[in-house]
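2 protein chains.
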Amino acid sequence: MKNILILGGDGYIGWPTAMHFSRKGYSVTVVDNYFRRNIANELKIKMLYEVPSLVERAKLWFEETGNEIKVIIGDLTNPILMRSLFTGEGLIFDWSINPLTYTPDTVIHFAEQPSAPYSVMNYETANITISNNLIVTNNLMFAVKDLAPNTHIIKLGTMGEYGTPNIDIEEGWINIKSNGREDTFLFPRQAGSIYHTSKIMDTDLLWYGVRTWNLRVTDLMQGPVYGIETEESLIHPKLKTFFNYDEVFGTVINRFIAQAVINYPLTIYGSGNQSRGYISLQNSIECIYLASLNIPKAGKLDIYNQIMETLSVREIAEIIISSASELGYKVQIQNIKNPRSELEEHYYNPKYSKLIELGISPKLLNKDSIKQMIIEVEKHRKNIRKSFIFNGIKW
Amino acid sequence: MKNILILGGDGYIGWPTAMHFSRKGYSVTVVDNYFRRNIANELKIKMLYEVPSLVERAKLWFEETGNEIKVIIGDLTNPILMRSLFTGEGLIFDWSINPLTYTPDTVIHFAEQPSAPYSVMNYETANITISNNLIVTNNLMFAVKDLAPNTHIIKLGTMGEYGTPNIDIEEGWINIKSNGREDTFLFPRQAGSIYHTSKIMDTDLLWYGVRTWNLRVTDLMQGPVYGIETEESLIHPKLKTFFNYDEVFGTVINRFIAQAVINYPLTIYGSGNQSRGYISLQNSIECIYLASLNIPKAGKLDIYNQIMETLSVREIAEIIISSASELGYKVQIQNIKNPRSELEEHYYNPKYSKLIELGISPKLLNKDSIKQMIIEVEKHRKNIRKSFIFNGIKW
Numbered sequence: 001m002k003n004i005l006i007l008g009g010d011g012y013i014g015w016p017t018a019m020h021f022s023r024k025g026y027s028v029t030v031v032d033n034y035f036r037r038n039i040a041n042e043l044k045i046k047m048l049y050e051v052p053s054l055v056e057r058a059k060l061w062f063e064e065t066g067n068e069i070k071v072i073i074g075d076l077t078n079p080i081l082m083r084s085l086f087t088g089e090g091l092i093f094d095w096s097i098n099p100l101t102y103t104p105d106t107v108i109h110f111a112e113q114p115s116a117p118y119s120v121m122n123y124e125t126a127n128i129t130i131s132n133n134l135i136v137t138n139n140l141m142f143a144v145k146d147l148a149p150n151t152h153i154i155k156l157g158t159m160g161e162y163g164t165p166n167i168d169i170e171e172g173w174i175n176i177k178s179n180g181r182e183d184t185f186l187f188p189r190q191a192g193s194i195y196h197t198s199k200i201m202d203t204d205l206l207w208y209g210v211r212t213w214n215l216r217v218t219d220l221m222q223g224p225v226y227g228i229e230t231e232e233s234l235i236h237p238k239l240k241t242f243f244n245y246d247e248v249f250g251t252v253i254n255r256f257i258a259q260a261v262i263n264y265p266l267t268i269y270g271s272g273n274q275s276r277g278y279i280s281l282q283n284s285i286e287c288i289y290l291a292s293l294n295i296p297k298a299g300k301l302d303i304y305n306q307i308m309e310t311l312s313v314r315e316i317a318e319i320i321i322s323s324a325s326e327l328g329y330k331v332q333i334q335n336i337k338n339p340r341s342e343l344e345e346h347y348y349n350p351k352y353s354k355l356i357e358l359g360i361s362p363k364l365l366n367k368d369s370i371k372q373m374i375i376e377v378e379k380h381r382k383n384i385r386k387s388f389i390f391n392g393i394k395w
Numbered sequence: 001m002k003n004i005l006i007l008g009g010d011g012y013i014g015w016p017t018a019m020h021f022s023r024k025g026y027s028v029t030v031v032d033n034y035f036r037r038n039i040a041n042e043l044k045i046k047m048l049y050e051v052p053s054l055v056e057r058a059k060l061w062f063e064e065t066g067n068e069i070k071v072i073i074g075d076l077t078n079p080i081l082m083r084s085l086f087t088g089e090g091l092i093f094d095w096s097i098n099p100l101t102y103t104p105d106t107v108i109h110f111a112e113q114p115s116a117p118y119s120v121m122n123y124e125t126a127n128i129t130i131s132n133n134l135i136v137t138n139n140l141m142f143a144v145k146d147l148a149p150n151t152h153i154i155k156l157g158t159m160g161e162y163g164t165p166n167i168d169i170e171e172g173w174i175n176i177k178s179n180g181r182e183d184t185f186l187f188p189r190q191a192g193s194i195y196h197t198s199k200i201m202d203t204d205l206l207w208y209g210v211r212t213w214n215l216r217v218t219d220l221m222q223g224p225v226y227g228i229e230t231e232e233s234l235i236h237p238k239l240k241t242f243f244n245y246d247e248v249f250g251t252v253i254n255r256f257i258a259q260a261v262i263n264y265p266l267t268i269y270g271s272g273n274q275s276r277g278y279i280s281l282q283n284s285i286e287c288i289y290l291a292s293l294n295i296p297k298a299g300k301l302d303i304y305n306q307i308m309e310t311l312s313v314r315e316i317a318e319i320i321i322s323s324a325s326e327l328g329y330k331v332q333i334q335n336i337k338n339p340r341s342e343l344e345e346h347y348y349n350p351k352y353s354k355l356i357e358l359g360i361s362p363k364l365l366n367k368d369s370i371k372q373m374i375i376e377v378e379k380h381r382k383n384i385r386k387s388f389i390f391n392g393i394k395w
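In the order they appear, the protein sequences are chains C and B. Under my numbering, think of the first position of the first sequence as 1, with each following residue one higher. Under my numbering, think of the first position of the second sequence as 1, with each following residue one higher.
If you're looking for bench data, these hints aren't it; they were derived computationally from the structure. Some hints could be false.
The list cannot tell twin chains apart, which means a pair is met if one copy fits it or any two copies do.
[As the list claims (entries may be wrong)] The list that follows gives simulated cross-link-like pairs (lysine-lysine, DSS-like), each with its CA atoms no further than 25 Å apart: (1) Lys-177 to Lys-354; (2) Lys-240 to Lys-59; (3) Lys-177 to Lys-351; (4) Lys-300 to Lys-351; (5) Lys-297 to Lys-145.
Kindly produce the complete structure, drawing on both the sequences and the hints.
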């Protein structure tokens, strides 16, 4: 039985990933410090519905499936905690049947401050983002080097690292020919927020560790994720992951679905021609699982562009309006001044074939998937507060 | 009178830079927390000679020249201190005649953990390096954005950010043509230590700030610096900057000079064919001064490769041996197993014409300059401890 350690296991993707591996028979340990819940509380942001604590969800998962997910609540910027995950020394489980008695075969690292708007609110939130994200990654890298050099690290990066260059975006690497010579480099990165820049720094750091210490790392350049349910969350309503529709944590598709449900116009920032790559939550966890099966050679940094399609904000708005209208909603578009510093008209042609070649079946954004989301979000309509949707945080 | 703020003004280059601007009639304020002195104490490393505190040196400078250098001792990872440098609020000067009553025209940022070997000793020193270097840079960037958006930031980067690619190293930027399209990007960066990687992250961060907030930043990709005296330090013997010959803080030329003086064989790591770009201390501060005169447009990141020549370790050893022999020393070479993870045979062709075009007169490493250094180091021969020179810190 393979052992999977998930850092940031309470999060939007972390928890569905934990259930996915657990259902497939892996021994799963999750670690989280409720950092995201805490900053949401500080900002007085509520999710679409209450989500039980990680400990409660793990207990419920065990009751429903008989599979144990070990839970550790703690701060991974503390290197002592990080290292204990590889040695078992001094670990306190918040809920578990068996102690930790293994070295993880795979570590999946989600333990980062995930909000771009939060990262640029002010110097404090920027500092928190940089130090949290980098120190967790560095603690992980040193723990693997020192204690478990064969452990496979899977890191969640972001397509946002690349920005919107005027050339095709390759999958992680680019060969550059210059003055009759050539070499291969990380594809150039230039991101649109401090959060996204912290992910570039993660890549810089992991690439250093990989080529210096022969680590095995997969870096997943993921696009914005949308969706609520995954196969495992359907087992019990309280197993559903977070759903945010606010401007701090809500990604655009999830946010627009909530807006449609309360007849709040879809707020298009600027022209709406900004294109990005998108992926459903179900596809996201399938990709992570697939990445775990494809272990890089020692000293190799594998990078996948984890998106299933590219869409402009306007295209997203239009398909949501059209899907919502089939359910009786009359939703408008509202064009507002772009609070973000980003190109509104730009070339965007990322490559994203590697995960599909490895066997992922892409689920595209379509009327069916949108209508399913609308029907789910409708159940919680009374919880949606308009005041969360747009306050114009600039970035 | 232009106002210059120097962060990390106690350091090897920081202090000579402060004197240089002061002598040219600028109003100079220096900030330091003695971080480098403190870690040297922790590691029980001594410099070639005792260097008075920053406060004592500023007083001496005033006595000798009549020019005031304001001194603030404090930790710039604290954003409150950083911001007070732009507002004057709550500032406590350790030595000054006049309070701070200005916004700096130029900030020169040296306030970083500067040792590559220290950065990779263990996870703690790596974390200290990353969080110190990144948080100071981020605090600076936000302070300038929020409080002094026209202030010119000059950042000390390193040629080590580029590593040793198999193509020519451009001055900061590269135009990439791909599939019939093209765009200009930061030249690819892949460094050889956590310290050097933290400098890549600085570049990532500043480039974000420049293009998002229209900051004016000059990033100096500097090679290893050698030398002791500058024009200003000759005014009084106690104005000399730090001189380290140990494996943690000593750069290769300074270290080899000290080894020659005590007839300790010059320790060549591996083949000795590793090439890097080098610059003298005198040229370094001249380049920084020149950079301050060439203010980038708002939203532009100017990058200069701040080196005057490229040399292999073997070439450096040979010219030092030959210079030392003219002073009566018989120095040997000792080839030792390379404790660093680096290519020993590699292409190395960095471009470095911009600063020379702006008017720098390159001072190259030659027998005269080496003999001057040897004569200076000889005066402190009794202080040199062999045990500092090589302990095989791996990186």
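Comparing the hints with the structure gives:
no., hint, verdict
1, Lys-177 to Lys-354, "both (23 Å within a copy, 23 Å between copies)"
2, Lys-240 to Lys-59, "within (14 Å within a copy, 66 Å between copies)"
3, Lys-177 to Lys-351, "both (20 Å within a copy, 16 Å between copies)"
4, Lys-300 to Lys-351, "within (20 Å within a copy, 30 Å between copies)"
5, Lys-297 to Lys-145, "within (15 Å within a copy, 44 Å between copies)"
Hint check: no violations occur; every hint is consistent with the structure.
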